[in-house]
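Asks: So the sequences go chain by chain: A and B. Each residue of the first sequence is one higher than the one before, starting from 1 at the first, in the working numbering. Each residue of the second sequence is one higher than the one before, starting from 1 at the first, in the working numbering.
Quick caveat, the hints were computed from the structure, so don't treat them as lab data. Any given hint might turn out to be false.
[To be verified] Each pair of labels, with its calculated beta carbon distance range:
| hint | chain 1 | residue 1 | chain 2 | residue 2 | range |
| --- | --- | --- | --- | --- | --- |
| 1 | A | Ser153 | B | Tyr118 | 18 to 26 Å |
| 2 | B | Leu307 | A | Leu214 | 41 to 49 Å |
| 3 | B | Ala119 | A | Ser46 | 34 to 42 Å |
| 4 | A | Thr96 | B | Tyr32 | 48 to 56 Å |
| 5 | B | Thr96 | A | Ala209 | 57 to 65 Å |
| 6 | A | Ser46 | B | Gly93 | 52 to 60 Å |
| 7 | A | Val45 | B | Tyr201 | 53 to 61 Å |
| 8 | B | Leu307 | A | Glu204 | 55 to 63 Å |
Backbone N, C-alpha and C define an ideal beta-carbon position, used for all residues, glycine too.
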Amino acid sequence: MTGVTGTIRRDAVVALRGSRAAWAFGVLGVTWLAAILFADGFDSVSNVRYLVQTASFLGIVAVGQTLVVIMSGIDLSVSGVVALSAVVCAKVASGTGGGVSGIMAALALSALVGAVNAGGVVWLRVPPMVMTLATGTILSGALLVYTDGSPSSAHLPLLDSLANGRLLGVPWAFVLWLVVTAVAGWLLHLSRTGRYAFALGAGEHAARASGVPLGATAFTAYVSCALLAGVAGLVLLGFTGTSSLTMGNPYQLLSIASVVLGGTSILGGRGHLLGTVGGALLLTLLTALLISWNLSEGVRQVVLGVLIIGLLLVYARERRT
Amino acid sequence: MRERITSAARGNTDLVGLLVLLLAVLVAYQHYDSSLLSPASVTILSAQFLPLILAAAGQTTVMLLGGIDLSLGAVLGLAMAVFATYDAHSAGGVVTAVVAALCAAVAAGAANGTLVAYAGLPPIVVTLAASFLWSGVTLIVLPQPGGHVPGGLVNAYNNGWNGLAVPALAITLVLAAWKVLRTTRHGLALYAVGGNEHGAYASGLHTRGTKIAGYALAGAFTGLAGIGLAVQTGSADPTIGTPYTLNSIAACVLGGISFFGGVGRMRGTVLGALVIGLLTNLLLFTGISPFYQLIVQGVILVVALALKTYLTREAAV
Numbered sequence: 001m002t003g004v005t006g007t008i009r010r011d012a013v014v015a016l017r018g019s020r021a022a023w024a025f026g027v028l029g030v031t032w033l034a035a036i037l038f039a040d041g042f043d044s045v046s047n048v049r050y051l052v053q054t055a056s057f058l059g060i061v062a063v064g065q066t067l068v069v070i071m072s073g074i075d076l077s078v079s080g081v082v083a084l085s086a087v088v089c090a091k092v093a094s095g096t097g098g099g100v101s102g103i104m105a106a107l108a109l110s111a112l113v114g115a116v117n118a119g120g121v122v123w124l125r126v127p128p129m130v131m132t133l134a135t136g137t138i139l140s141g142a143l144l145v146y147t148d149g150s151p152s153s154a155h156l157p158l159l160d161s162l163a164n165g166r167l168l169g170v171p172w173a174f175v176l177w178l179v180v181t182a183v184a185g186w187l188l189h190l191s192r193t194g195r196y197a198f199a200l201g202a203g204e205h206a207a208r209a210s211g212v213p214l215g216a217t218a219f220t221a222y223v224s225c226a227l228l229a230g231v232a233g234l235v236l237l238g239f240t241g242t243s244s245l246t247m248g249n250p251y252q253l254l255s256i257a258s259v260v261l262g263g264t265s266i267l268g269g270r271g272h273l274l275g276t277v278g279g280a281l282l283l284t285l286l287t288a289l290l291i292s293w294n295l296s297e298g299v300r301q302v303v304l305g306v307l308i309i310g311l312l313l314v315y316a317r318e319r320r321t
Numbered sequence: 001m002r003e004r005i006t007s008a009a010r011g012n013t014d015l016v017g018l019l020v021l022l023l024a025v026l027v028a029y030q031h032y033d034s035s036l037l038s039p040a041s042v043t044i045l046s047a048q049f050l051p052l053i054l055a056a057a058g059q060t061t062v063m064l065l066g067g068i069d070l071s072l073g074a075v076l077g078l079a080m081a082v083f084a085t086y087d088a089h090s091a092g093g094v095v096t097a098v099v100a101a102l103c104a105a106v107a108a109g110a111a112n113g114t115l116v117a118y119a120g121l122p123p124i125v126v127t128l129a130a131s132f133l134w135s136g137v138t139l140i141v142l143p144q145p146g147g148h149v150p151g152g153l154v155n156a157y158n159n160g161w162n163g164l165a166v167p168a169l170a171i172t173l174v175l176a177a178w179k180v181l182r183t184t185r186h187g188l189a190l191y192a193v194g195g196n197e198h199g200a201y202a203s204g205l206h207t208r209g210t211k212i213a214g215y216a217l218a219g220a221f222t223g224l225a226g227i228g229l230a231v232q233t234g235s236a237d238p239t240i241g242t243p244y245t246l247n248s249i250a251a252c253v254l255g256g257i258s259f260f261g262g263v264g265r266m267r268g269t270v271l272g273a274l275v276i277g278l279l280t281n282l283l284l285f286t287g288i289s290p291f292y293q294l295i296v297q298g299v300i301l302v303v304a305l306a307l308k309t310y311l312t313r314e315a316a317v
């Protein structure tokens, strides 16, 4: 009897140690508890609502980033795509086209950027980091040319209610994030494409030799990632009502940080999408907590950097081979 | 003779291609600005390109170790901020400011290196987290653009000092130092650890120490770049370093430095940085909106790398 419980307990410990996604949520819970105890207002419903609302902007980008990182890629063009989507949508909507055509144009262009990324990685054999860096650079240049340096603002009722509205008290943005996560979770963890992505991340040569289609998998991952960055750009446009050329910049590094904090290996092949959700919530909560303590921006960034390094040291170390 | 040239060229496909590209850019440049080869434009251009060349040299050091430094721009900003906030009125004051800025950059680099060597985290993750840390420290040192650089220094740097192109001289000195370092045990260890870490460890190299020293050296290069940028502009801006992270990687990649470590030469990086810098200027001359320079930069990066992959694949078959 004791032997059985002992085994179960040992299994549970091993599973916990192996599940980095659980770690992300554990740390999130502890941080939230600390926030309630040591800062004001973190126990109120409105605060939680605001937190999950603002976390969804980052979270939607981070879900896409996870898909790419799992297959040992990386997307450094997400900041450009977020800005692209918002700027194009605002410009089209405030011009002759309506809101719907603006949204369609923004999403189509975002997907195109993802396709270009995948094409460069698959056909030109350019390393993902360089390819996405290049498309990101080209995008910021193209946006400068397109807007002449001064992007327009637009008020779209549809995006406004998407970003600020609520469904039974839950922000629509959060609902959207959950839906996105569910679909992406199915794609990554239950579909055949997802299995291919994990295989490619674990070892590209072996995966290709055993017939994993690099092209189709890469296109699915990069296009989904860019599309989600585009969606985040639209929600942000609804949230602020204005578009700017630099509005995507914070999401570049923070989306990768969410993925890594969520326990996904940056080298690919290992991780879980739910961890990324925990990572994005954790980063948003930490930022909100540091802001509530009235720390200067410099101190805030130092603390955030030290915390990220510390957390990674605790549970995200790569096994030494 | 011809055989020797062709065989040398085959071994250095990247460098030859890059040189051809550089020559083409220079010829076009000469067409728009006939004073290109005068001492005055050497001073101006080297003053303009020094920050990118030195930042790319720092990135090269890290990439030769098989790493990548996403915190380079933040460290560059840190050195710039420390240098410019140090109120230097006398010559001795300037020296102290330089030493303080370099110490900050080297310490930041060594900290990155220590984490990479001992923490068991991939360099990209360590330097990503470190980029938050170092840009935070920079904001504490200098919350908004400002600081002060002595006017005489700014003038000497940008317009030459007694007919000497100071920035060109600085670049030459730094490259000469690298050349010497490369032949020493430490320089060779850098390549060995980057090329094959287990092999290097098995043959008795202190791989962790080499990594820490390499990242610290990269910090020194980056710090010099930051000081150069502060002197060039006459003040400091805590966020101006950000684009240097990606531009330095671009210069390295153009210059043929491998992402996997151990392969590449510093001269390639310098050529890569020169091509990026000259192209940017060339676009200004041609009267095309400067907004297009980012587009051209990105396209060149992809085309150069795709071409290189294509050529090396042909050679391998």
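Asks: Each hint: holds or not?
Replies: Okay, the hints, checked on the actual structure:
no.	hint	result
1	A:Ser153 to B:Tyr118: 18 to 26 Å	violated, 49 Å
2	B:Leu307 to A:Leu214: 41 to 49 Å	violated, 21 Å
3	B:Ala119 to A:Ser46: 34 to 42 Å	holds, 39 Å
4	A:Thr96 to B:Tyr32: 48 to 56 Å	violated, 39 Å
5	B:Thr96 to A:Ala209: 57 to 65 Å	holds, 60 Å
6	A:Ser46 to B:Gly93: 52 to 60 Å	holds, 53 Å
7	A:Val45 to B:Tyr201: 53 to 61 Å	holds, 56 Å
8	B:Leu307 to A:Glu204: 55 to 63 Å	violated, 22 Å
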